[in-house]
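Participant: Protein chains in written order, with our numbering: chain A, 42 to 379; chain B, 597 to 1783.
Some hints here could point you the wrong way.
[Unchecked claim] With a Cα cut of at most 27 angstroms, we get these calculated DSSO-like pairs of lysine-lysine:
| # | chain 1 | residue 1 | chain 2 | residue 2 |
| --- | --- | --- | --- | --- |
| 1 | B | K1189 | A | K139 |
| 2 | B | K1103 | B | K1151 |
| 3 | B | K1541 | A | K321 |
| 4 | B | K1074 | B | K898 |
| 5 | B | K1541 | B | K1493 |
| 6 | B | K1242 | B | K1397 |
| 7 | A | K161 | B | K1184 |
| 8 | B | K1336 | B | K1242 |
| 9 | B | K1103 | B | K957 |
| 10 | B | K985 | B | K958 |
| 11 | A | K169 | A | K233 |
| 12 | B | K1275 | A | K169 |
| 13 | B | K1405 | B | K1361 |
| 14 | A | K139 | B | K1731 |
| 15 | B | K1523 | B | K1716 |
| 16 | B | K1405 | A | K161 |
| 17 | B | K1333 | B | K1359 |
| 18 | B | K1523 | B | K1330 |
| 19 | B | K1189 | B | K1242 |
| 20 | B | K1200 | A | K139 |
| 21 | B | K958 | B | K933 |
| 22 | B | K1151 | A | K161 |
| 23 | B | K957 | B | K898 |
| 24 | B | K1323 | B | K1333 |
Derived by calculation from the structure, the hints in this document are not laboratory data.
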Amino acid sequence: MIDLSKTIDLSTTYLGLKLKNPLVASSSPICEDVGNVRRLEDSGAAAVVLQSLFEEQIELENEELDRFITEGSELSAESVTHFPELTRRVAGPEAYLKHIERCKQAVGIPVVASLNGSTKGGWVGYAKQMEQAGADALELNIYYIPTDPAVSGEQVEQRYVDLVRAVKETVGIPVAVKLGPYFSSLGNMAGKLDAAGADALVLFNRFYQPDFDLEALEVVPNLILSNSHELLLRLHWIAVLYGNVKADLALTGGVHNAADVVKAMMAGSKVAMMTSALLKRGISYLDTIATELLVWMGEHEYESIRQMQGSMSRRSVPQPAAFERANYMKVLSSYSMR
Amino acid sequence: MTSSSTATRPKVLIDGNEAAAYVAHQTNEVIAIYPITPSSNMGEWADQWSSEGKTNIWGTVPSVIEMQSEGGAAGAIHGALQAGSLATTFTASQGLLLMLPNMFKIAGELTATVFHIAARAVATHALSIFGDHSDVMAVRAAGYGMLASGSVQEVMDMALIAQAASLESRIPFLHFFDGFRTSHEVAKIEQLTQDDMRAMIEEKLVMAHRARALNPENPVIRGTAQNPDVFFQARETVNPFYLAAPTIVQNAMDRFAEVTGRRYHLFDYVGAPDAERVIVIMGSGAEVAHEAVEALNAAGEKVGLLKVRLFRPFPVETFVAALPASAKSLAILERTKEPGATGEPMYCDVITALVEMGVSKKVIGGRYGLASKEFTPAMVKGVFDELKKAHPKNHFTVGINDDVTHTSLGYDPEYSTEEPGTVRAMFYGLGADGTVGANKNSIKIIGEETDNFAQGYFVYDSKKSGAITVSHLRFGPKPIRSSYLIDKASFVACHQFSFLERIDVLKAAAPGATFLLNSIYGPDEVWDHLPRTVQRQIIGKKLKFYVIDGYEVAKQTGMGGRVNTIMQTCFFAISGVLPREEAIAAIKHSIEKTYGRRGESIVKKNFAAVDAALGNLYEVKVPEAVSSLFDIRPAVPAAAPDFVQKVTAKICAGEGDDLPVSAMPIDGTFPTATAQWEKRNIALEIPVWDEALCIQCGKCVLVCPHSVIRAKVYDAQHLEGAPPTFKAVPARWKDMKDRKYTLQVAPEDCTGCTLCVEFCPVKSKTEVKRRAINMAPQVPLRESEAANWDFFMQIPDTDRKVLSLSQVKDVQLLQPLFEFSGACSGCGETPYVKLMTQLFGDRMLIGNATGCSSIYGGNLPTTPFCVNADGRGPSWSNSLFEDNAEFAFGMRLAADKQNEYARELVWRLNAVIGENLAQALLNAVQKTEQDIFAQRERVQELKQKLAGVNTAEARDLISLADALVKKSIWAVGGDGWAYDIGYGGLDHVLASGRNVNVLVLDTEVYSNTGGQASKATPRGAVAKFAAAGKPVGKKDLALMAISYGSVYVAKVAMGAGDMHTVKAFLEAEAFDGPSLIIAYSHCIAHGYDLTYGMDQQKAAVNSGYWPLFRYNPDLAAQDKNPFQLDSRAPSIPLKDYIYNETRYTMLVKSNPEHATELLHLAESDVASRWKIYEHMAHQPMNGGEKK
């Protein structure tokens, strides 16, 4: 029996890092546990993106701690305080930074730290600290919901660009930017980020959209795991952007099997990132995907991942219009005829 | 004092408790603690230092362990001492009394130790948390040496001297100082170094102590039982040690002087060498007397003062030798009362000493300062003036007006010895607004940045919601001995504008003083918003007047409602105590120190507040005439009853000191139902009923912690004369459809907690944020809603007899007989207390354990327990912390005995009473409201029948007839009582089989003394004495009680099951035996917005942390499973419940790994407990069905 792993080259590069395959664990709570990170490596992940450090959350938690310690004080002569002194300074990013260090010690694969800042100082400061803690690269998780109607699209875009530039000026390690799909001109935006120095664009962030509880009449946070349908939007945009930006492209969201990985590669992605599939089937499912990937490539006589990367991008397909609006019209009409 | 001896010692600004704890922690190995005000902080410091790894002078970290009571702490210390460790403890008041048996043992065994005591009044006619010497005097027979400190510096010094002397003399010592006045006074002192302590503690004495220990390598037996033949002789063996002790103490003091330069004597004389009149006194009063004596000497008066340091063993010769030979008359001043004695203890000692030494002087004794009553130089002068008289009053009092037995001395209250160079500043703040904390920082800044001496003392009122704090700060170039409140302030700051209308904040302002006001009104408009009294004083005293809109600055800088650092910055700017830039740098440094551990963002926003403050500070140009049309509101309305007008109102207005002895009840008995007269108006927003949305479910009424939301169903005719905005809608009751329903809020009693809004189940169909009850600003509604409330209150209550008490909807219509308490806004305990009074209040006796519930239930000035239209209501008392189950049990014994005797008398007087009535009385079933009502009618008839019968038996029966109506006896208290200090008694009462109902308000922490861990504290929660997260799980008190099989037990959480809670109360009361209800009580000590208190209760139940169940032995008698699990299997992860609370997240933030470990353990606690309960709920019973 032929050992496909010896004949087929799964390796890829991403953010200037050489990866043994394109399978990367995307930023999620799975990576909060060093044991899980280790299991990810054992199951074949070529790199991990750690869970995000949320600057706003750190500040909010500190605010609350301060508020409730204070609200419980000076109430009566007997209970001047209700809490002991904090035994240590509250953790800001320290726990996260320590986690980076631990992960670096635990695994040999690259460890990408993920950051969600709320202030410019926070973005830059934490990015520097993450670099110092040993992160191989950074992923900027720019999770910004512009609810203020006074803020224009240009302002939002400028904010992204400024941030990327500032972080790039601060750190020496590669920087990826994780984006949402909601830009008026994504190609243009990608170009701006490219120019600002982003080493990779990660498409797309999945926003946890609030749901309604109809019995309680409450807005409730909702986490729905992704499915393969979500892949299509990503394939579309990676295929469109491929070749138009210097930055690496990474696909995240909707990768659930080897076929999804193949599609991601063909669209032009350097890596395929996963969380939902692992949450549903367990971390060891990565190993299955890697095997299936080899099998598929063997059956279809592909020699390497690099060979297929971008092979079905907008510039590589015979009808680029398939990626344009006409496609939409056609689908609808074909649907109605069925 | 040599300069070299002080050069290396740091100057620190600390309070007396910290000073004592510092030395105790440095010079001991084992510390057993238990919280009791005002000594708790000593234990807290020791625990904190040990948890931070601070070592003692031998380089090892002392073991600090919290015990279940002071009795337990004393036992543990006794054991530790016997096993050869250096061991100590801290306590006060009843806590010290609980240690007494061990103290006799420890002394009898000649064991070296020092107990540090923040001396506090022992509860008599009333509890008091404040300072006097009745506790230490009560234990003076135990054989402990007793060393008194009068100032914070002395506390640190004497703590060490006592330690050294005890080791050498082998006599255990009580080192005591005045509770609050010294224990809580912050002062600038010189801190002893480890070298100082090493120099004082002799190694060979430590070795000797250790060598005396029990040790199987060299076994001895101690603690034998002795017979009449030898006990007496053996008891006398200790005499040489007591004879030697005073010299040993003096030697230690001399050695201390060599080391530190501060010289003390067993008795220190201050004053004219040729003084004729001398006061003898100990404690902080000696500092006051010192200040007065110096002033009187300067005025040429031949007076002096003898400060007593060593009170036991009392050195007779030294005492007499310390008196100036010129002294003709002595006044012995004591902070204790010994009723029936020939005099207070020290007076008797002095008389004895003089007689034994053959010295003749005129001696009088008197009492001052009981329970922290103010003691001032004016009173000292009053005593000296009395000594001038040919026949001075003996056994006098000073500082009060005793118009009954006329013991009190007169004095001129205007006499003042305040040093002109001392700055005296007063700050009025709102509890929890950070004013006290900022002032403590200010003192530190002044003390550390300048050469000034500094002193801070902080006064709180007795409410936990809307409390006023008053900070008294002194600083100046001369040492400050003024251990009394400021009454001539050079600076007054009022941090809350609304106080101006409530209290006279400028009463203590000296002429020419500065007044700083936090005001939403600017410098040009503020004047018209000031009450007349305030305007009059600003003009009359020529005050310099500044305003700042601190609220606005706080808002702009992200400080929310916290104005403390803003006002602090203004104080420094106006007072000029430091150059402005220097002051701001120092404030920022102290912010960094105070808030640094809470994170960078907290520090930054405080910095921003400091920077923004001064730009908003304005001086007000004061007009020449008083122009305001309003004044400070009267403390109580004119409609209040006589006692409230004459006594309560004075206390409310802060004038309680002026009440004479004759105004006070003689035995601590007070009328109930007085809280209704104290309209505090503390809510910024109050709930407003939306009658169109309301479904009349009554949940808001149920959860309201302050009983300010009421509902009534009544006939429409009662609406006649209703105020124009009074709301009424048709009642939504099947059988009361034709009647009206009103939900009314008491606008002036509401604390604005919003629990009601959050618990309202109704949401508007067009805008879901709108409920059937919504918050709105109080001020515009105050008058109209107050009128509506008054009108509502005179509508008759709905007849209890027609209501179904197991329905929350019906329970809302029952009058609460507990209202408007001073509990925290949003309190989680009081809804249960209120419910209890709604259901059974008209026939209940309550024994209340000391704690939060006894403070909001029984702290003067007003009483929340009240009466119904018939004048019936709960009768309440607080015995102690540790004995509450037994106390209520005693009430049950009395009620049962009286009932039994009354029934016997009914039998005996059958002929007079008449067969029918007698049988009806004896056979009455009293299970329902109707039954109780009928029995009351019968008792009334009985009394009428017996009224004309002039026999002893008939008179007896009349006096006992009420005992024929069923009484509901309740023991109420917190987890500190039920799980810890009172557990033994509670267990015994539960085992007794007698009908006592126990309500445990489980906040899982000692809330009232400031959040110390109890055995109810859950694993992983941070509390004092568990700063690193409680490592072990919560005790399952319910399961322990269930194990008897004869106790009704329910675990309830109103927020998760309101109907379940009501049912549990009804079943517990109906069960003819002991009942235990453990009620989940959210608490400010849990650290979250209590608006969500009921949601958190739900989360506690849904996570499986707090399963709801009832165990009813009556069901077992019916062959049914007595255990009913009333909540569902856990449906949310534990962390979704606990990580909403600061008590848990503190650990997550400060030590995340340990927090995760404890979380996992806590999760398995929940899982295993659930399994046990589920198993119990599914136990098949004999002949019964398997559930």
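Participant: None of the hints should be skipped; say for each whether it holds.
Facilitator: Hint-by-hint comparison with the structure:
The straight-line distance between the Cα atoms of K1189 (chain B) and K139 (chain A) is roughly 25 angstroms, inside the 27 angstroms bound, and the hint therefore holds. Only pairs whose Cα atoms come within 27 angstroms are accepted, and K1103 (chain B) paired with K1151 (chain B) is rejected, the gap being roughly 31 angstroms. With a CA separation close to 82 angstroms, the supplied pair K1541 (chain B) and K321 (chain A) exceeds the 27 angstroms bound. For the proposed pair K1074 (chain B) and K898 (chain B), the alpha carbon gap of about 23 angstroms is at most 27 angstroms, so the pair holds.
This hinted pair checks out: K1541 (chain B) and K1493 (chain B) have alpha carbons roughly 23 angstroms apart, not beyond 27 angstroms. For the hint linking K1242 (chain B) to K1397 (chain B), the alpha-carbon distance of about 38 angstroms lies beyond 27 angstroms, and the restraint is violated. Distance check on the hinted pair: K161 (chain A) and K1184 (chain B) sit about 24 angstroms apart at the alpha-carbon level, within 27 angstroms; holds. For the proposed pair K1336 (chain B) and K1242 (chain B), the alpha carbon gap of about 39 angstroms is over 27 angstroms, so the pair is violated.
For the hint pairing K1103 (chain B) with K957 (chain B), the CA-to-CA distance comes to about 42 angstroms; that exceeds 27 angstroms, so the pair is violated. Annotation: proposed proximity of K985 (chain B) to K958 (chain B) holds, straight-line Cα distance about 11 angstroms (limit 27 angstroms). With a CA separation close to 23 angstroms, the supplied pair K169 (chain A) and K233 (chain A) stays within the 27 angstroms bound. Between K1275 (chain B) and K169 (chain A), the direct Cα distance comes to roughly 57 angstroms. Violation of the 27 angstroms bound is thereby established for this hinted pair.
Restraint check: the Cα-Cα separation between K1405 (chain B) and K1361 (chain B) comes to about 22 angstroms, which is no more than 27 angstroms; the hinted pair holds. Taking the CA atoms of K139 (chain A) and K1731 (chain B), the gap is about 22 angstroms. The hint holds against a cut of 27 angstroms. Among the hinted pairs, K1523 (chain B) with K1716 (chain B) is consistent with the structure: their alpha-carbon atoms are about 22 angstroms apart, no more than 27 angstroms. Note on K1405 (chain B) and K161 (chain A): the hinted pairing is violated, with a Cα-Cα distance of about 54 angstroms set against a maximum of 27 angstroms.
At roughly 24 angstroms between alpha-carbon atoms, K1333 (chain B) and K1359 (chain B) fall within 27 angstroms of each other, so this suggested pair holds. Distance check on the hinted pair: K1523 (chain B) and K1330 (chain B) sit about 25 angstroms apart at the alpha-carbon level, within 27 angstroms; holds. At most 27 angstroms may separate the alpha-carbon atoms for a hinted pair to count; K1189 (chain B) and K1242 (chain B) exceed this at roughly 48 angstroms. Among the hinted pairs, K1200 (chain B) with K139 (chain A) is consistent with the structure: their alpha-carbon atoms are about 25 angstroms apart, no more than 27 angstroms.
Straight-line distance between C-alpha atoms of K958 (chain B) and K933 (chain B) comes to about 21 angstroms, which keeps the hinted pair within the 27 angstroms bound. A distance of roughly 23 angstroms separates the Cα atoms of K1151 (chain B) and K161 (chain A); the hinted pair therefore holds under the 27 angstroms criterion. This hinted pair checks out: K957 (chain B) and K898 (chain B) have alpha carbons roughly 16 angstroms apart, not beyond 27 angstroms. Only pairs whose Cα atoms come within 27 angstroms are accepted, and K1323 (chain B) paired with K1333 (chain B) is accepted, the gap being roughly 17 angstroms.
In this structure, the earlier hints numbered 2, 3, 6, 8, 9, 12, 16, 19 are contradicted, and the remaining ones agree with it.
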